[in-house]
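K.L.:
Residues per chain, in single letters:
Number of protein chains: 2
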Amino acid sequence: MTATRRVGTAALPLRSAVPIRCDAPSTIARDVLDGHLGYFVRRLQVWVFQDLIQTLATIDISPAQFSVLVVINANRGLSQAELATALAIERARLVRLLHRLEERGLIQRLKSAADGRRHALRLTPQGRAVLARARALAAQHERRLIERLGAKRHRMLLQMLRNF
Amino acid sequence: MTATRRVGTAALPLRSAVPIRCDAPSTIARDVLDGHLGYFVRRLQVWVFQDLIQTLATIDISPAQFSVLVVINANRGLSQAELATALAIERARLVRLLHRLEERGLIQRLKSAADGRRHALRLTPQGRAVLARARALAAQHERRLIERLGAKRHRMLLQMLRNF
DNA sequence: ACGACATTGTTGTCCAGGTCAACAATGTCC
DNA sequence: GGACATTGTTGACCTGGACAACAATGTCGT
Numbered sequence: 001m002t003a004t005r006r007v008g009t010a011a012l013p014l015r016s017a018v019p020i021r022c023d024a025p026s027t028i029a030r031d032v033l034d035g036h037l038g039y040f041v042r043r044l045q046v047w048v049f050q051d052l053i054q055t056l057a058t059i060d061i062s063p064a065q066f067s068v069l070v071v072i073n074a075n076r077g078l079s080q081a082e083l084a085t086a087l088a089i090e091r092a093r094l095v096r097l098l099h100r101l102e103e104r105g106l107i108q109r110l111k112s113a114a115d116g117r118r119h120a121l122r123l124t125p126q127g128r129a130v131l132a133r134a135r136a137l138a139a140q141h142e143r144r145l146i147e148r149l150g151a152k153r154h155r156m157l158l159q160m161l162r163n164f
Numbered sequence: 001m002t003a004t005r006r007v008g009t010a011a012l013p014l015r016s017a018v019p020i021r022c023d024a025p026s027t028i029a030r031d032v033l034d035g036h037l038g039y040f041v042r043r044l045q046v047w048v049f050q051d052l053i054q055t056l057a058t059i060d061i062s063p064a065q066f067s068v069l070v071v072i073n074a075n076r077g078l079s080q081a082e083l084a085t086a087l088a089i090e091r092a093r094l095v096r097l098l099h100r101l102e103e104r105g106l107i108q109r110l111k112s113a114a115d116g117r118r119h120a121l122r123l124t125p126q127g128r129a130v131l132a133r134a135r136a137l138a139a140q141h142e143r144r145l146i147e148r149l150g151a152k153r154h155r156m157l158l159q160m161l162r163n164f
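Note that the protein sequences, when read in sequence, are chains X and D.
Take 1 as the starting number for the first sequence in this note's numbering and just add one per residue.
Take 1 as the starting number for the second sequence in this note's numbering and just add one per residue.
Derived from the structure by calculation, the hints contain no laboratory data.
Quick caveat: nothing in here was measured; it's all calculated off a predicted structure.
It cannot be assumed that every hint is accurate.
[Unchecked claim] For each label pair, taking beta carbons as the anchor points, the in silico distance ranges come out as:
| # | chain 1 | residue 1 | chain 2 | residue 2 | range |
| --- | --- | --- | --- | --- | --- |
| 1 | X | Phe49 | D | Ala129 | 30 to 40 Å |
| 2 | X | Ala64 | D | Arg93 | 17 to 27 Å |
| 3 | X | Ala114 | D | Arg93 | 47 to 57 Å |
| 4 | X | Val95 | D | Arg100 | 24 to 34 Å |
| 5 | D | Val95 | X | Ile146 | 35 to 45 Å |
C-beta: ideal position from N, C-alpha, C; glycine also.
Starting from the given sequences, assemble the full structure and let the hints guide the process.
P.N.:
Right under this line is the structure:
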């Protein structure tokens with residue numbers, strides 16, 4: 001791996017007499033990036049995630065775990081495959097997510113009597129308690145987001161993105 | 001790591017006589033998730049990234065690499081630290097990104113004469129050529145996004161998110 | 001001029017997530 | 001009964017983000 005490391009760029013003179021403005025341009029041009037919506041969506045998404053992660057960290061819950069708890073609670077007896085497609089994550093990924101939640105006693109996997117393959121997912125009482133706390137924290141996070149965006153913009157964004 | 005694996009959930013009867021609706025709820029409730037803007041922002045961001053990744057994959061360029069090329073091109077002689085803060089990525093992360101781009105002969109790291117610590121970043125002619133192709137592909141991707149969102153919504157979103 | 005301190009690029013390491021292939025158990029359909 | 005699909009699971013790989021440490025270099029106060 002570390003065989004061909006320091007290659008090229010061996011201080012070649014080229015025309016380095018030209019100043020090339022090595023000093024900071026102070027204001028940095030984003031050029032064509034300004035035309036790409038995805039660029040700004042990503043910046044917002046990073047901010048939101050950062051804030052939500054920190055907020056939920058106080059009860060050791062990740063955003064992904066939070067969404068899992070929410071959806072299980074709202075759809076008792078859901079199977080893992082259904083949950084995976086609902087949250088748009090891979091079955092394989094979900095398995096490990098659920099494993100940690102089960103270890104912590106927040107969820108149960110009950111074997112479905114009707115279909116031997118499926119696991120019916122449920123929250124334990126502790127799971128419901130944690131979810132309640134997570135919800136409060138998430139609401140707190142959302143208020144921070146509204147404050148950051150402005151209530152009007154927040155409302156409009158929610159409306160525009162809801163049915164995507 | 002694999003010591004305490006198969007624990008709990010040992011088919012405890014509890015009250016599994018209750019039907020708990022093991023069959024698919026067919027329509028899955030997202031519950032409180034519907035009130036969180038970040039949830040929808042994330043879904044959009046995933047879609048955009050997915051599409052952009054696939055689009056740029058034809059020239060073996062990642063979205064991150066694309067943004068690096070764009071910003072270097074628009075700000076010649078930029079230092080790595082400046083570029084990192086401009087793109088909101090870690091200095092450490094940027095080092096490895098630039099390393100690959102340098103290996104491929106797309107960028108140069110020139111030692112700044114004024115400040116021995118800094119590297120002045122530039123695109124090579126090949127780098128500019130690749131950037132031109134990447135731009136065309138990215139524009140193509142953006143058209144797809146506009147088609148997906150509707151021109152009006154796209155324009156409004158861009159306006160609302162630009163100054164975040 | 002000297003030393004404390006900051007900055008820059010770099011490397012290593014850890015962890016979370018996404019992706020893919022394979023597999024056993026189970027269900028479905030002809 | 002046998003071909004096929006689905007479900008949960010595991011293993012492996014790769015990318016990215018986060019953090020600590022470090023050497024080289026620059027800056028600033030005294």
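K.L.:
All the hints need checking, so say for each whether the structure fits it.
P.N.:
Checked hints:
1. The hinted window of 30 to 40 Å between Phe49(X) and Ala129(D) holds, with their beta carbons roughly 35 Å apart.
2. About 22 Å separates the C-beta atoms of Ala64(X) and Arg93(D), a value consistent with the hinted range of 17 to 27 Å.
3. Separated by about 48 Å at the C-beta atoms, Ala114(X) and Arg93(D) satisfy the suggested range of 47 to 57 Å.
4. A hinted range of 24 to 34 Å for the beta carbons of Val95(X) and Arg100(D) is consistent with their spacing of about 33 Å.
5. The given range of 35 to 45 Å is respected by Val95(D) and Ile146(X), whose C-beta atoms sit roughly 37 Å from each other.
Consistency with the previously given hints is maintained throughout, with no hint failing.
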